[in-house]
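Enquirer: So the protein lines, in turn, are chains A and B. Everything in the first sequence is counted per the numbering used here, starting at 1301 for the first residue and increasing by one. Everything in the second sequence is counted per the numbering used here, starting at 1301 for the first residue and increasing by one.
Which copy is meant is left open, so a pair is good if it fits within one copy or across any two.
Within a straight-line C-alpha distance of at most 20 angstroms, the following computed DMTMM-like cross-link-like pairs (lysine to aspartate or glutamate) qualify:
(1) Lys1614 - Glu1307
(2) Lys1527 - Asp1549
(3) Lys1380 - Glu1353
(4) Lys1537 - Glu1507
(5) Lys1402 - Glu1429
(6) Lys1526 - Glu1544
(7) Lys1413 - Glu1307
(8) Lys1526 - Asp1549
(9) Lys1527 - Glu1544
(10) Lys1527 - Glu1557
(11) Lys1527 - Glu1553
(12) Lys1526 - Glu1557
(13) Lys1527 - Glu1554
(14) Lys1527 - Glu1546
(15) Lys1413 - Glu1429
(16) Lys1526 - Glu1543
(17) Lys1526 - Glu1546
For the record, the hints were derived by calculation from the structure and aren't laboratory data.
2 protein chains.
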Amino acid sequence: MSNRITELFGIARPVVAGGMAWCSGWRLAAAVTNEGGLGLIGAGSMTPDILEENIVKCREAVQGRTYGVNIPLANPNAAKVMELVEKYRVPVVFTSAGSPKKWTSWLHERGVKVAHVVASSVFARKCEEAGVDAVVAEGFEAGGHNGREETTTMCLIPAVRRATTLPLIAAGGIATGDAILAAEALGAEGVQIGTRFAFTAESSASEAFKRVCLNLNEGDTRLILKKLSPTRLVANKFRTVLEEAEARDASAEELLEIIGVGRARMGMFDGDVENGELEIGQIAALFKGRDIQTVAEAMAEMQAEYNAAKERLKEF
Amino acid sequence: MSNRITELFGIARPVVAGGMAWCSGWRLAAAVTNEGGLGLIGAGSMTPDILEENIVKCREAVQGRTYGVNIPLANPNAAKVMELVEKYRVPVVFTSAGSPKKWTSWLHERGVKVAHVVASSVFARKCEEAGVDAVVAEGFEAGGHNGREETTTMCLIPAVRRATTLPLIAAGGIATGDAILAAEALGAEGVQIGTRFAFTAESSASEAFKRVCLNLNEGDTRLILKKLSPTRLVANKFRTVLEEAEARDASAEELLEIIGVGRARMGMFDGDVENGELEIGQIAALFKGRDIQTVAEAMAEMQAEYNAAKERLKEF
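Bound-form chain A, shown alone:
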C-alpha cells in the first residue's frame, strides 16, 4: 500500500494513531509505529518534562521509524513542546486547536512534517494556505474536543476533499478495516484512529477507563459543553452534573468551575470513572464486550477486515 500519506511520512500503512490526552504515551505511539503506522505522542496532557521522557523512550523504541507528537496549540506549553521537537528532531508534528499558520514554517525550517486537524472545509483551506503537509478532517463522532459545526465524518471528508488538494487523513468513527476502506472511498488517503487505540494494552490510560470504553452502548457518549468547547464525553456522574448545569443554562464560568482542574486525568489516567472526565468516540460502542487488545492484534484485525471488505466490494 503506497500513497501520498505513506510517502509523506515514510510509513507502510496509512494509519495514524491519534495523539490522545492521557492515552498516547510512548508505548502506544511506538507500538503503532512498529506495526507500520504512524504513532503520535499526545503532548496535550504532558508537562514538558514528561513529554521529554516520552519522546526519548519512543525514539529508542521505534529504532529510526517515523513517530510524531500531537500538540494542541492552545496549550500554554506549546512553545516548550516545540523546543523539544527541535531538540530531539521529532520527524512529525500534528497540530490542532489553533492556527496552522503559527508554527508550520518554523517546523518546516527544521525538517518536520506537519499535519493539522480540522473539523470543517473552511479550516482545511486555511491549512493549505499555511502550507501544512497534510490535513486531518475529524468528524462529530470523534471523542473529546470537536467542531462547532457538528459535521460527521461521512459529510466532512467529501467536503474537505473538494476544498483542498492536500493529502487527507480521515478521523472520527474509524476503528475497523471496513471503515478505513469507507474513508478511502470518500476520498481520504489515510485515517487517524483514536478510540480503538485508546483501549489497547499499550495505551497509558487506566485499566478502569479502558473497561468503561469496552462496555458502552450506542448513545452513551454525547457532545456537550457547547458553550465552552464542544466535547464528546462518556455518561457518568461528572457528565450528569455538567448536563444538569447546561439544562439550567449555566454560564461558561460556572461550567469551568464545575470542571475544575485535572478532571480528565482523574477519569482517564487515575481511573475515577464516575467523577472524572472520560473522552472517547461513538465507535467505542462497536467494541462492547470485547477484551483489551494489543496494538498488534488490533492492527492485524483491521488489516484482515480491510482485505475482506475490499473483496466484498468487488461483488457489487
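Could you slot chain B onto chain A? The hints should help.
Expert: Frame of chain A; chain B shown alone:
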C-alpha cells in the same frame, strides 16, 4: 449490480429515494424508480385523498416498475394509508417512527415488501424479530427526525451490520457515488438518499426551499428539539426562536406551541423559508452553489462518481 436489496425489490440499482415530507410526491418517486432505483412517496405530509392521487399517478408513471410509500407509523392516518396500500397493491412500504411489529405481518399477508427505518442496533434487532424484509439505518447527519443516540452513519452502519443479518440500507449523509461506495464498504447493501433528491427538479418542495438547500454552509443544519423528537433543521428565523426557547429550558408544551400547526408545509412546500420549518441533511452543504438537477442527472452523476471511486480504491 445485483445484491439482496436489488433482488428484494426487483430494481436495477440499490438506491432508494427517501419518502420525505413535502418533497416526495409521485413525480420524485416515479423519476427515481424510472432511473432504476426505488422511489418512495412520502405519506407523512399527505392527507389520504392526496396520497391516493399520488399513488395513482406514480403507478401510472412507473409502468409496472417497483415504487413504494413511506409511512411514519405515528401518523394518525396510518391505518387509512394502509387501506390505500392494499387497494392499489403498492409493492413496497417503508415504515418509521413506530413499532415494526404493528403492520409487518398484515403487509406481508398482502404481498407487500416491508422495510423499517432505525437509528440504533437495538431497534434493528426489533426489526428482525418483527420479520421485516430490510432495515434502513439512518445516521445523525440525516435531515428531519432523528435518533436520540445521535449515532452517525459511520458508526451506525457497522453496528447494525453486526446486530442483524437483514438486508441493510444505509441512510444519512449519502449523496454522492463516493458515499454509496463508502456505505457498501461499511456493510450496507443499498442506500437511502433523501437530501440530494429533496432539491431535484422533480421534488414537490418549493423552489425557494430548494434554493436555500443549495446555499448552505457546513454547520447550517443542526439537530434541535431534543426534548420533543430530535429534528435536524436549517438555520432561519423559526429555528432561532426555537433555539432561544430551548436555551431558557422551555417546556415541551411551550415548544409545541411555538411550532404550532403546518410549519413544515409553510417552509418546505409554501416556501416561507424564514418562518417555516426546513428539514434537510448535513450533506446539503456539499452542493453549495450547485443548480437544481433532474433526478436523471443526479443518478447519472452518482453512478459516474461511484465508478470512479471504485477505480480509485483499486490503487490502494
